[in-house]
Every structure is written in structure tokens, then in C-alpha cells.
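Visitor: The chain contents come next:
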Amino acid sequence: MSDVLTAPHSRPIDLVPLYKALFLMVVAAFVAVPLLATVLGGFKTLGELRTNPFGLPTTWEWENYAGILLSQRYWQLLWNSTVISILTVVLTLIVASMAAFVFAHIKFYGSEMLLSYLTMGLLFPAATAILPLFIKVRDLGLLDSYFGVILPQVAFSLAMSILLLRRFFKDLPHELLEAALVDGCSYIDFFRYVTLPLSRPILATVGTIAFVHSWNSYLLPLVMLNSDALYPWPLGIMVYQGEYSSEWHLILAFITLTILPTVLIFIFAQKHIVAGLTAGAVKG
Amino acid sequence: MGLLRKLALAAAGLMLSAGAVAAQTTVKWLHIEQNPAQVKIWEEAARRYEAKNPGVKVEMQFLENEAYKAKLPTILQSKDRPHILYSWAGGVLKTQVEAGVLEDITAGVGSLKDNISAAALEAFTVDGKIYGLPFNVSQVGFMYNKDLFAKAGVEGDKIKTWDQFLDAVKKLKAAGVTPIVVGGGDKWPLHFYWTHLAVRLGGKPAFEAALKGQNGGFEGETFIKSGELMKQLVDLEPFQTGFLGFKNQQALGFFGDGKAAMNLAISHHSATQRALAADKKGIPEDKLGWIDFPMPAGAKGQPTDTLGGVNGWLITKGAPKEALDFVKYFVSDEVQRELAKQNFLIPTYKGAEAALSAAFMQNVARNIAASKYHQNFYDQDLGPSVGRVVNDATAEIAGGSMTPKQAAKAIQDAFKQGN
Amino acid sequence: MAMVRRRKAIDGRLSALLLFLPPALLLFTIFVVLPIVEAAWYSGFNWNGFGTPTKWIGLDNYWFVFDSRGFGTAFRNNLLIIAVSLVIQLPLALSLALILAERFRGSVALRMLFFLPYVLAEIATGLIFSFIYDGNYGLLASIFRAFGAEAPHLLASTQTSMLAILIVVVWKYFGFHMMLFIAALQGMDKNLVEAARIDGASRMQVLRHIVVPLLYPTIRLSIFFAVVGSLQLFDLVMPLTRGGPADSSNTMVSFLYNNGVSRMRVGYGSAIGVILFVICVTFAFTYKRWFMRDE
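Chains as they are written, first to last, in our numbering: chain A, 1 to 284; chain B, 1 to 419; chain C, 1 to 295.
No wet-lab data here; the hints were simulated from the structure. Computed from a predicted structure; not experimentally measured. A hint or two may mislead.
[As the list claims (entries may be wrong)] Simulated crosslink set (DMTMM-like; lysine to aspartate or glutamate; CA at most 25 Å straight-line):
id, chain 1, residue 1, chain 2, residue 2
1, B, K281, A, E247
2, B, K281, A, D139
3, B, K317, A, D228
4, A, K136, C, E150
5, B, K79, C, E38
6, B, K170, C, E150
7, B, K71, A, E61
8, B, K173, B, E322
9, B, K231, B, D413
[To be verified] To give a feel for the contact side, a few chain A residues facing chain B, derived at Cβ under 7 Å:
id, residue
10, A66
11, L69
12, R73
13, Q76
14, D144
15, S245
16, S246
Ideal Cβ positions, reconstructed from N, Cα and C, are used throughout, including at glycine.
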């Protein structure tokens, strides 16, 4: 693919690379400017946002950021998000990999049917049934608890996760399982000691998808959580914005600090994240 | 299922049990007050109460007005709902009573009952039982910036009729002043126009007839006329640029910054505009005027009729008895006077209004006392779903996407659907 | 001996089955399947969620939904988002992919930059852009002022609120589609392209007749995600406009939230949910059957 578009003909001046570079620059600006403006805006005073929208801050207002970093509220939000996301990831991985293992290795009457039953989950978003889901969570007594958010999140991520994991499990050499069974190893042990250790890449992928979705999710926590002590950051930031309505410099600092973890994780784990999110999409 | 639930609860419990160990009663109090100066007094009242009642902790949680309204239905269904809730009474309160999520506090209120303004308490009484204690009453009217009026040569105290009001708007516009700022994004500030016109045009009889479905209900003449008059105003383009995107708090800040001449406000916003102004000072007392909502030609309502709210605290079912106890303290003479002294509200404790220090608020208190028909905000009075449609429809009139007729029909449809 | 081993294997299978399957089935049934079934049931009631539903009103909730202007607007807005995804976002993503699939200095960095918005939360994105669009302090307003023009309040006008949201949609999601295309391009058989070039095909010819046709499956996939994503769009709308002004920028999900959830009209909201469900499922099935048969 590398040379599909590079011209072999020796024309005097090839303008194509120039157009391409221009195009890339415009798009890069389109993407980057809002992000940079947000980060820098957090260092400005409210007045300076108007007078000096694009430049660097004339004086760096560190206290916008410091105030938030020193507030209990910011850390509480991050803590809640972390707890919810990690539990969602762990539960998704456990539940989905167990089910995927069965679908990959054990033939039984109705397995096809059950698999298509589970993959129905791919067809519609949680929002369609949000009200009955709310009633359900309420009746289970899970409103306003981490698990009121986590369990539905896990349930809705199962379909995709099971499909991805099952495909991977099936591709593992079949002889392994045969040999293990002959040696008297149980299915459960095989799953525990062979399948899982061999499946780290796909577990990372599935975990990444579940994590990103949970970390960013808004509707489920919005409906299920009431007390701000439990709010994950997307809810918290909306409350913050409601409180400080027009004090944009503070809001921008808050946005920056809340997306910072995402951006850092993205930079360090970009391979996994890109592979995970696109693979999840393609193979789903 | 029981096991799953237990497991989940246990795990959630483990994670939460970080702090709370002490064997004391915590009263959870959810409020929507945005003015830090006022919240400070509330907090001090809570701390004083705690000092007098060892073992009780009053925990305040804040939600922004619109977020609160959107969240309230789900909050009420939660087992861990707050014990004390903010309320505007009306149909919304009735629905909550029917749902059985509120505590009947008739017995607990006791003799305090006689010390509270009867009309205000009546608003929190459903079928003879008391469900909440009012702490503030308010009137809707135009607060205006005297300097900007002077600049345009408009005399605020001369404005009595709708036509005079429209003239004032035109004059202000001609003088290069933004006549009115409104928080159209929240919708309810716009519904005041339509509602107050209806209060003026039809008075109490029209509203009561509409509730019974007579004279075409909310699609009747009074309400279509209200929309048409509102449209008259909208057509003058009296509002600030981008008014449909402004939240009410932004609008109050805009007014406080002196960037617009008028705001159709709830009386206690006279204090809020100060807190939300950029300089935290806003329009000072002596520059702030008040115009009672003008009378349109052919209006059947009385000029003394008022549109306004009654705000109070509800006690939710299963709340500890300390919750009511604290609320009783909150509406006591002591705290009410303290709040009145700084003109944050019109108190409901009889006699506390004497503490009001601003002429502005004293005037409003007199208006409310003289009113024979005090109409609660429609969006609260008509219940949660119909009320919101009133807000939606009036915002559409202001945005030009619905005609007055369509708006009235939408409201009547919602009323008939009753859900 | 063989018999014993066989017995053991069956036992092992059974215990694995009984241990491994129920958690997934249970969670899925309770939190995914039952709610959607119950939505169909609740949609026949006028119910505010307290106690049990008793006021049966048949199909009325559906008529109320179809009768309301708001839902029509929301549906049109969803179609608009799909249209923009197809007409603007897809070509943008494809052309960027064609450029960035090659390795040159900075190509990986650019890919990452373009993908970054997709990873950011919709809520944060919405807030960032509500700042950009803010008529008083926003970047856009500053640009207008620099030219001496009056700053527009994009989010505050029924005429422009949707436009503002559409721009954010493109900003947020084009990188994802670009990555899909890049992955496909990198997996493409280079020999075909080489051969064509040797046969004297021009750059554009190769692109049009070989590369793009080979990308058709990915394009179909990209369209699929654009449509499904549009049908779910909610988080982005809330911080930007909450569906306003005057309901002009609701999507079907934000309409459901504003009219069903925040008013606790369980029946009405469930009816909207059922309609949305039917749209999603119908689309998914037909699309898969007609366009993605071979995958």
C-alpha cells in the first residue's frame, strides 16, 4: 500500500504532496485547536478568554488548576469512576470469558440458540429500555449504588465480549484441549490454567473496550445514581458546569483535569486501545 | 435473586463504609439555592442546630435547579433518598403525595402551624394533611435597572398596561439598550410571560374553568390570547442575543452586570442577581426597580392578582424525626428573620417580614399580602408532565417555531393525556 | 477405561456448563432482555413508576409519541446525523486514511491525534464545544469579533443548534472511521495494486477501480456504525443543548430522556424505547441481510 499514491512519473512540480500536507494541516487544526484552547483556557482569567482567545496566557493562572486538584470533589469523582470502571472490566472479563469458553469448546443441545440469544444484545443500545431498566434496578434495591451501574454495564457489554473471546478461544490449537482431557484435566482447570493465560491479548482488548465505555458512560449513572458521593466524573463535571455556569476558565480547567487520565492512558496504551476499539467494531 | 442483591449490597457497603462510623443521625438535605451568601446562612443555621442537638448531623447536597427537576422523579424512587427536599408545591407535590413517598407531618408540625402564613401552608396541604413547611413566598414581576431606563427616557413606575410596556421595550431598543434578558434555555423563565398574561387576561375563573375542561380548556380564548400577546412582545425582538441558550442563572448574571434593562423575575432573584453578577455586587438596591406585570386591554383579572411561588421543604417517607425537627427550626422566627433581614426571601413566619430591609422586598411582601388570587407557577401547579409541556410550548412561541394556537393545543393535549 | 474417561469428560462438561454459563445468561436476561420485554408491557400504561402500573391505555402512548412534534423533529435530526456521517464524515475519513495509511514522518502521530477525540468522553467533548460556541467567551465568538461581526449564538438558535451538533459529531467520530479504513488498507493485497501500476494504470484509476472496491466491505461497516451511532446519540447532546432550544436539537434518545425519564412517564418513555428498539433491530437485520451478507 505504501506507494499506491506516490507518483512515479517525473513531472516538473508535483503539487499533490502539497495539497495533501495542506489538507492534513487543516484537519489537524480542526482537531487540535478546541483541545488546546481548552487546556490553555484553564490557565487564563475569565476576561482573558475574551481578549486573548488563541494566545498563550499572559500570566499563567495556576490557581484554577490547583484549586481543583486540591479539592476533595475532583478526587472523589475519579475514585468513583475508577471503582465503577474496574469492577465493570473485571466482571465483564470473568463472566464473558466463562461463557465464551463454553460456546467455543463444549457442544450441547441449544448452544447455537443460546449464542444468538446473547448476541441480540448487539442490536440495540441500553437507552431503549432505560426506564424499565431503572425500575428493575430500583426493585432490586440497587439504585444509588455502584452495582446499579456496574451490572447493567456488564450485561450490555456481554454480547460483544463473548463474540470476540469465543472467536479467539476457538482459534487456539484444539490439540491442547484434547491432550489435556486425556490427561484427566477438567474443563474448568483447562480454562483456568491454559485458556486464560494464552488469551492475554484478547482479554486486554475486551477489557479496554469495556473500560473506555464504562469510564465515559453518562446515561446509566445519570439515571441510577442520586447522591453526589457516588457520581463518576461525567456526572460530576455536568454538576460542576451547572454550578459555575459562565465561569468558563474554571470549567475548562476542570474539563482538562478530567480528560487528562483518558489522554494519558491513551498515549501509553494507544496500540491496545486502537486495536481494541476497531477490532471490537469490525469483528462484532 | 436475593443472593445477587445481597452480594451487591455488601460489596457496595464495603466500599462506602470508609467514613461513616459514628452512631449518630444524619439528616440529608437537598437544596437548589445558588446564592453563596444565602447558603452560608443556611449552613450556619444547620451548624447551630447541630450544636443544640448533639448526635444529629445535617448534610447539605446541592443540585442546580434544572438538574434537580430532571432528577427529582428518579431521586424519589430511591430508598436512600434525601430526607428533606425542595418543593414548589402544586400539582407536582400532589403527584408525590399520591405516590406515597412523602411523610404526613400534620401531627409533627404542631403549634407552629398557627405561626405560619395560612395561604403558604395551604399550598403544602393535600387532602387536609400537611406534607411540607413553606419558608418563602415570591411574586413574579419585572425587575428593572433604573439607570438604563433613565438612559432611554422610560419611567418604570408609569408602566401599568401591556401597551405601555411594549412602548417601553421599543424605546429601550431605540436607545441601544437590550430591553429584556431571559434565561430561555431553562424554558420556565419564558413560561412566566404566557402564564402571567393568562392570569391577567382571565383571572382565577379562567384558570379554574380550564382545569375543568370548560371553555376549550387551555385551548380556550384566554390562553390563545396570552400566546398572541406574548408573540407581540417576541416580535419586537426584546431579548438578548442567544436568549434561547441562556440558563436563568446566566440571565440573572447578565442583568446584574447591567447589560439589560429588565428581567421577568421571581422576587427573590433581586438578591440572586447580585451573587451572579461578575463583580458579585450586581445592581444595587437604589438602582433596582420593580414593575408589577402590566395589564393588557380587556383583561378580566384584577391588578392585585399575583403570579408567584411558594417554596418549602418536604419530608420524605422514612426520614428520621430529626429531619422535621430541623425544618421546623429552619422556618422558625429566628432563621426567617435572619434571611429576611438580608432580603433573600419573603418569609412565611408571621411577623418575620418586618425584618425585610429593602423597600423592594417590602413592596413585594405587601403585594402578596394584598393579593386575592395568587397563582402558583404553572409548571409546578399543573403537575410534572403537563407543566413541562407549558414550558416547552412557550419556549417554542418565543423561538417562533409554534404559533400561539399550536402552543395552546399542545398544552391542552398534554392536559387531556394527563401523563 | 475408555468408558470411564468418557464419563468423566461428560461430567466435566456438565459442570463447566453449569458453572460457566448461568452468570452470563442471568445478567443478560435480567438487565437486557427483561427490560426490553417489560418496555413493551409498560408502554400500554399511564404510569409514573410508583407502585404497580394499573392505568391501561392500550396503544395511546404510541399515538402520543407519533402525534408530538418533538418526536418528529428528533427523528429527522437522527436522519440528518446519518446523512452528514455519510456525505461528509465518510469521505473525510476515507481520504485521510488513504493518505495516512502510508508511513511517513508524523503519519502515526497524526493518526493518533485524529483518533483521540473518539476516546474522549462525549460529555467532555460536548462541554469543550459548548465553550467553543459560547457567544460571549467562546473561540468562535472571538473569531467573529476579530472581523468586527456580531458573535453568533449557535447553540441558542433553533436554526443553528443542529448544525453545531453535527460539527461536533464529525469532529468526534471521523477518526474512528479513519482507523477502520487504515486497518483495511494495511490488510490489503499489495500485489494487486502493484500489478495495476505496472500495467500503466494511473494513480486515480488504481484508486477508483482497485482500492475503493476492495474497501467496500469496510465502507459498508463504517456506514453501519455511523447509523447505529446516530441512533444512540445522547451524551453529546446533553452538555451542548439538552435537546433545545425549543426541542430543535433532540435526538430520539435525548427526547426519550427529556420526556420519559426526567418526567417519569414510564409508559410514554417505554413506548419511545420500543419504537427505537424496532428501528434499531429492523435496521440491523435488513442491513446485514442486504449489504453484509458475505461477512
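Visitor: All hints are to be evaluated individually against the structure, with a verdict given for each.
Guide: Here is how each hint holds up against the structure:
1. B:K281 / A:E247: 16 Å, holds
2. B:K281 / A:D139: 49 Å, violated
3. B:K317 / A:D228: Distance ~21 Å between K317 (chain B) and D228 (chain A) Cα, so the pair holds.
4. A:K136 / C:E150: 50 Å, violated
5. B:K79 / C:E38: 22 Å, holds
6. B:K170 / C:E150: It holds: about 21 Å lies between the C-alpha atoms, which stays within 25 Å.
7. B:K71 / A:E61: Measuring from Cα to Cα gives roughly 35 Å; hence the hint is violated.
8. B:K173 / B:E322: Violated. K173 (chain B) to E322 (chain B) sits at ~54 Å, over the 25 Å cutoff.
9. B:K231 / B:D413: 21 Å, holds
10. A66: 20 Å, violated
11. L69: 21 Å, violated
12. R73: Nearest chain B Cβ about 11 Å off; hint violated.
13. Q76: 11 Å, violated
14. D144: With a closest approach of 5 Å, the D144 (chain A) hint holds.
15. S245: 5 Å, holds
16. S246: Since chain B brings a Cβ to about 5 Å from S246 (chain A), closer than 7 Å, the hint holds.
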